[in-house]
Amino acid sequence: MSTARERILVRVRDAVAGGRKDGSRAELEQRMEQAPPLIRPKLHGDLIARFREKLMQGSGTFEQCDTPDEVPAVVFAYLQTNGVAAKIRVAPALQDAAWGEELEVSYGNTRGDHPVSVTPAFCAVAETGSVVLLSSDKSPTSLNFLPDVHIVIVDKDQVVSHIEDVWVKLRALGEIPRTVNFITGPSKTADVEQTLQIGAHGPRDLHVILIAS
Amino acid sequence: MESHSHDFKRAAARAVVDEQLKGALAKAQDGFVGKRAQVVETLPEFEQLREQGKTIGDHVLANLDYYLERYEAAVVKHGGQVHWAETSEDAQNIVRDICKRVDAKRVIKGKSMISEEVALNEALESSGLDVVESDLGEYILQLAKEPPSHIIAPAIHKTKAQIAELFYNAHRKLGYDKKLDSVPDLVNEAREVLRSRYLEADVGITGANFLIAETGSNIIVTNEGNGDLSCTLPRVHIVTASIDKVVPTLDDASALLRLLARSATGQEFTSYTTLSTGPRRAADPDGPEEYHVVLVDNGRTEMLAGEFREMLRCIRCGACMNHCPVYGAIGGHSYGWVYPGPMGSVLTPHFLGLKEAGDLANACTLNGRCASVCPMKIPLPDLLREHRRHQFEAKLAPRMASFALAYWGFLAKRPKLYQPLTALGMRVMGMLGRRKGRFRSLPMVGSWTDTRDLPAPQGKTFYKVWRKQRTLPVETKMGNKVDQGKGSELRVFAFLTIVLAPILAVVLVGGYGLLVWMFQLIAGPPTQ
Chain W
1 MSTARERILV RVRDAVAGGR KDGSRAELEQ RMEQAPPLIR PKLHGDLIAR
51 FREKLMQGSG TFEQCDTPDE VPAVVFAYLQ TNGVAAKIRV APALQDAAWG
101 EELEVSYGNT RGDHPVSVTP AFCAVAETGS VVLLSSDKSP TSLNFLPDVH
151 IVIVDKDQVV SHIEDVWVKL RALGEIPRTV NFITGPSKTA DVEQTLQIGA
201 HGPRDLHVIL IAS
Chain A
1 MESHSHDFKR AAARAVVDEQ LKGALAKAQD GFVGKRAQVV ETLPEFEQLR
51 EQGKTIGDHV LANLDYYLER YEAAVVKHGG QVHWAETSED AQNIVRDICK
101 RVDAKRVIKG KSMISEEVAL NEALESSGLD VVESDLGEYI LQLAKEPPSH
151 IIAPAIHKTK AQIAELFYNA HRKLGYDKKL DSVPDLVNEA REVLRSRYLE
201 ADVGITGANF LIAETGSNII VTNEGNGDLS CTLPRVHIVT ASIDKVVPTL
251 DDASALLRLL ARSATGQEFT SYTTLSTGPR RAADPDGPEE YHVVLVDNGR
301 TEMLAGEFRE MLRCIRCGAC MNHCPVYGAI GGHSYGWVYP GPMGSVLTPH
351 FLGLKEAGDL ANACTLNGRC ASVCPMKIPL PDLLREHRRH QFEAKLAPRM
401 ASFALAYWGF LAKRPKLYQP LTALGMRVMG MLGRRKGRFR SLPMVGSWTD
451 TRDLPAPQGK TFYKVWRKQR TLPVETKMGN KVDQGKGSEL RVFAFLTIVL
501 APILAVVLVG GYGLLVWMFQ LIAGPPTQ
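Taken in sequence, the protein lines are chains W and A.
Quick note on numbering: the working numbering labels position 31 of the first sequence as 31, and the sequence is numbered without any gaps.
Quick note on numbering: the working numbering labels position 212 of the second sequence as 212, and the sequence is numbered without any gaps.
Hints are computed from structural coordinates only; laboratory data are not their basis.
Certain hints may be false.
Quick list of in silico lysine to any residue cross-link-like pairs, SDA-like style, CA-CA up to 25 angstroms [to be verified]:
1. A:Lys54 <-> A:Asn93
2. A:Lys77 <-> W:Trp99
3. A:Lys105 <-> W:Gly112
4. A:Lys27 <-> A:Asn188
5. A:Lys395 <-> A:Lys416
6. A:Lys35 <-> W:Pro72
7. A:Lys77 <-> W:Lys87
8. A:Lys77 <-> W:Phe122
9. W:Lys138 <-> A:Lys54
10. A:Lys377 <-> A:Lys173
11. W:Lys87 <-> W:Pro72
12. A:Lys54 <-> W:Glu29
13. A:Lys377 <-> W:Arg40
14. A:Lys105 <-> A:Arg191
15. A:Lys178 <-> W:Val168
16. W:Lys42 <-> A:Gly266
17. A:Lys54 <-> W:Gly112
18. A:Lys377 <-> W:Gly18
19. A:Lys416 <-> A:Pro398
20. W:Lys87 <-> W:Val71
21. W:Lys138 <-> A:Met431
22. A:Lys54 <-> W:Pro36
23. A:Lys77 <-> W:Leu43
24. A:Lys35 <-> W:Ile39
25. A:Lys173 <-> A:Thr159
26. W:Lys169 <-> A:Ala404
27. A:Lys355 <-> A:Glu393
28. A:Lys27 <-> A:Glu45
29. A:Lys9 <-> A:Ala283
30. A:Lys77 <-> W:Ala26
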C-alpha cells in the first residue's frame, strides 16, 4: 500500500509532467545553489540613517554610542528615563561587558519573570529597519519575546543593506540555528477596531543601541 | 469548518442591511487600501516585484514535486519530521496523534488559515485537548465561537463593545471583573490572560507563510509576536502548511516577503519575521524538543493539474478582499466558509464544489481591482469567470439566468438585430426616466431595484457613443470574434425560433401595451 506522501507526490508529478523540459533537474539543482539575480529595492543615502528611519517607522527606538564601554551607562540611562527598574536579564553572549554597579544583572533565558532583556544582534538590515537575532545558548530566543522591554546591541559594522545580505551571512555560518528572528519594532496589534496598540504579546518597547566605533 | 456557502445569497442580503457591519467594513477597507497605496508609492520597484513574484510562484508550481522533496530532506536533516496529509481528516489525525504521543493537554496556536480549513481546533477539542488561539483577533473569535471574517484581520467585524462583553464573560472567572471600554485595556487584559497559556502549553501550532526548500525552515510573519511565542515556549512545535507554501531558497522568500506585508497591512515589514528550523539545538536553553511539519494537500494537487493552478500562487495577504466592492458590502461571513472575498470565491467552489458554493463566483462585478492589486498577479476575475462557465455548462446556474444569458448571447452575436433593439430600449427608458433621472422600481427586475435605484439611461447606447468617439471599423471586427460552437448555436437558434418566437411576439405586443399604458399614466389619456 502506498503512503500519503507517495500518493501526493505522484499527483503532483502527474500535474506538472507536461510543462517540464528534459534536463531541468540539473537546472533546478543549479538554481538551488545559486538563485537567479532578484530585484533589490534601491536604497538611497546612508545605511545607518536608513536603518534608523525604518526602525522608528515600526515604532522601535534608536540610540547611538561611540564605544562598547558606554553601553552599560546608556542602558541605565534609558531605563531611568523610562521609569523602568534597573534590573536586566542579559544574553550570555554579553557576559563579558562591564555592566557596573548601577544595574542589577543576571544571565540566561527567561520564563517571563524578567521585565528587561538585553541581547546582541547577528546583524541589522537597513532596508527594513530590522535587527536579526539568532538562537543559541549565548542568545536565547525567549529574551526576544517575553520581557516588556527588549534592548538590542548592534555594532555599526553589522548593519547590512538588504535582506539578502543576511542570507549570505547565515550561509557562511554553515549551520542555520533553530530560530532566526527579524525584529522590526515592538509587538503590536490592530485587531480591535483597526486601532494600533503597542504591546500585544511581546515587548512593549524595542530599543536598539548602535555602537558607532 | 462546516460550510454555509450554499446560503450565500441570503447571508449577503442580511449583511448589506447590517449598519454596524457596514461601518466596520468601511473603516477597515479605507485603512487597508490607503495604507497599501501609500507604501506602494514609496517603492518604485513594486510592479517589477509583482512580476517577479509571479515568476517565482509559477516556477515553484511547475516543479513542485522537486521542491517538496528538497524541502522534506532539509527538514529531516535538521532533526524535524514531515507528515503528509491528503485530506482534512488526515491532517486532524496526524496532529491529534502527535499530541497524544507526547501526552499533551494544552495547545497554543498561532494564526493559521490551513488549520481553519481542516477544522483542526474542533478535532483537537473533541479529543479532550485544551486549545487556545493566541492571535488577538482569532482569540476574540474563539470566545465568540465564530469563524474569521477576514484572512488577516479575523475579527474585523467586531466592535470594541462586543469584544469587551466577550472578555467580561470569559475572564470573569479568572478574576477580571471589570467591563472594559478602551482598546489598550482590552489588549492588556488579553496579554495577561494569554501569557500564562503560552507558558503552560505542551504543544504550539503555527502556520507558515513560506516553507524554504534550501534550509527546511518555515517562516511566520506576525505583528503581535504570538506565533513566535507559540513556537518558542512549548516543548513541541507543529507547523501546519499547505503544499503550495514551499519556495526554493531564502532569496525567493525575501523576494516574496517584500510583497506580503505591503499588500496585506500596508506595512513595509511586520514587527516579527521568524524562521524556525528543526527542534532546539543541544545547547539551546529554549525552543521545542520536537519539530513537526504537516503538509496538507486537501484538493491542491487537483488545482495544480487544472485551470485553477494560478490560484496556488496566493500568499494569503488579503489585498483582494480589501479592494473588493462586494466584500466591502457583505463582509466575510456571508461567504460561508474559511476564505472570503475574491480569493475565497475562487477557492471555495473548488474545494466544496459548485453546487455548494457556486453562487460565490457570481458575486463579482468583474471590476478587476483584485487582480490589479494582487501581489502575485493572480487573474482572479478570469478564474471566477471559469467557475461561472462551469456552472453554466453543468446547468447549475439559475434557470432564469441561463435563459437570459442564452437570449442575450443570441442577440449580441447579431449586431444588426442587437443595435436597433438596444437603441430602442435605451430611448424608451431614457424618455420614461428623464424626469427623475432614475427608476425607483421596475417590473421584472425587482431584485435590482429593491435595494438601489437604476439610473435612467441618457438615451444613447454605449455603442453609439463609442463609435462616435472612435472611427474604427468596429462592426466587422465584432462579427468575426464570435467563437461559440456551431452545434450549440444551432440549438439555441432552433429553441428561439420555435419556442421563443411566439412567446416573444406576445410579450412584445403586451410590452407595447404596457408602454402605452405607462405613457398615458404620465402624459394623460389621449384627447378625444
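Hints versus structure:
Pair hint lysine 54 (chain A) plus asparagine 93 (chain A) does not hold up; C-alpha atoms about 34 angstroms apart against a cutoff of 25 angstroms. About 40 angstroms separates the Cα atoms of lysine 77 (chain A) and tryptophan 99 (chain W), which puts this hinted pair outside 25 angstroms; it is violated. Between lysine 105 (chain A) and glycine 112 (chain W), the direct Cα distance comes to roughly 21 angstroms. Compliance with the 25 angstroms bound is thereby established for this hinted pair. At most 25 angstroms may separate the alpha-carbon atoms for a hinted pair to count; lysine 27 (chain A) and asparagine 188 (chain A) meet this at roughly 23 angstroms.
For the proposed pair lysine 395 (chain A) and lysine 416 (chain A), the alpha carbon gap of about 29 angstroms is over 25 angstroms, so the pair is violated. The suggested pairing of lysine 35 (chain A) with proline 72 (chain W) is violated, with an alpha-carbon distance near 39 angstroms, which exceeds 25 angstroms. For a cut-off of 25 angstroms, the pair hint linking lysine 77 (chain A) to lysine 87 (chain W) is broken: about 40 angstroms separates their Cα positions. The hinted pair formed by lysine 77 (chain A) and phenylalanine 122 (chain W) meets the criterion: a straight-line CA distance of about 24 angstroms does not exceed 25 angstroms.
Note on lysine 138 (chain W) and lysine 54 (chain A): the hinted pairing is violated, with a Cα-Cα distance of about 40 angstroms set against a maximum of 25 angstroms. Between lysine 377 (chain A) and lysine 173 (chain A) the CA atoms are separated by roughly 49 angstroms; this puts the pair beyond 25 angstroms, and the hint is violated. A distance of roughly 12 angstroms separates the Cα atoms of lysine 87 (chain W) and proline 72 (chain W); the hinted pair therefore holds under the 25 angstroms criterion. Restraint check for lysine 54 (chain A) and glutamate 29 (chain W): the C-alpha separation of about 21 angstroms stays at or below 25 angstroms, so the hint holds.
For the hint linking lysine 377 (chain A) to arginine 40 (chain W), the alpha-carbon distance of about 19 angstroms falls within 25 angstroms, and the restraint holds. Under the criterion of a C-alpha separation no larger than 25 angstroms, the hint pairing lysine 105 (chain A) with arginine 191 (chain A) is consistent with the structure, at around 21 angstroms. Under the criterion of a C-alpha separation no larger than 25 angstroms, the hint pairing lysine 178 (chain A) with valine 168 (chain W) is inconsistent with the structure, at around 52 angstroms. About 19 angstroms separates the Cα atoms of lysine 42 (chain W) and glycine 266 (chain A), which keeps this hinted pair within 25 angstroms; it holds.
With a C-alpha separation of about 42 angstroms, the suggested pair lysine 54 (chain A) and glycine 112 (chain W) falls outside the 25 angstroms cut-off, and the hint is violated. Proximity of lysine 377 (chain A) to glycine 18 (chain W) is assessed by CA-CA distance (about 23 angstroms); at most 25 angstroms being required, the pair is judged to hold. Distance restraint check for lysine 416 (chain A) and proline 398 (chain A): the Cα-Cα separation of roughly 29 angstroms exceeds the 25 angstroms cut-off, and the hinted pair is therefore not satisfied. Distance check on the hinted pair: lysine 87 (chain W) and valine 71 (chain W) sit about 15 angstroms apart at the alpha-carbon level, within 25 angstroms; holds.
Using a Cα cut-off of 25 angstroms, the hinted pair lysine 138 (chain W) and methionine 431 (chain A) is violated, with the two alpha carbons roughly 82 angstroms apart. Distance restraint check for lysine 54 (chain A) and proline 36 (chain W): the Cα-Cα separation of roughly 14 angstroms lies within the 25 angstroms cut-off, and the hinted pair is therefore satisfied. For the hint linking lysine 77 (chain A) to leucine 43 (chain W), the alpha-carbon distance of about 37 angstroms lies beyond 25 angstroms, and the restraint is violated. Only pairs whose Cα atoms come within 25 angstroms are accepted, and lysine 35 (chain A) paired with isoleucine 39 (chain W) is accepted, the gap being roughly 23 angstroms.
With a C-alpha separation of about 23 angstroms, the suggested pairing of lysine 173 (chain A) with threonine 159 (chain A) holds against the 25 angstroms cut-off. For the proposed pair lysine 169 (chain W) and alanine 404 (chain A), the alpha carbon gap of about 63 angstroms is over 25 angstroms, so the pair is violated. Distance hint between lysine 355 (chain A) and glutamate 393 (chain A) is fulfilled; the C-alpha atoms sit about 13 angstroms from each other, no more than 25 angstroms. Of the supplied pair hints, the one linking lysine 27 (chain A) and glutamate 45 (chain A) is violated, its CA atoms being roughly 29 angstroms apart against a limit of 25 angstroms.
In summary, the hint linking lysine 9 (chain A) to alanine 283 (chain A) is not supported, as the alpha carbons are separated by about 57 angstroms, beyond the 25 angstroms threshold. Simply put, lysine 77 (chain A) and alanine 26 (chain W) have alpha-carbon atoms about 22 angstroms apart, close enough for the 25 angstroms limit, and the pair holds.
In summary, the numbered hints that this structure violates are 1, 2, 5, 6, 7, 9, 10, 15, 17, 19, 21, 23, 26, 28 and 29.
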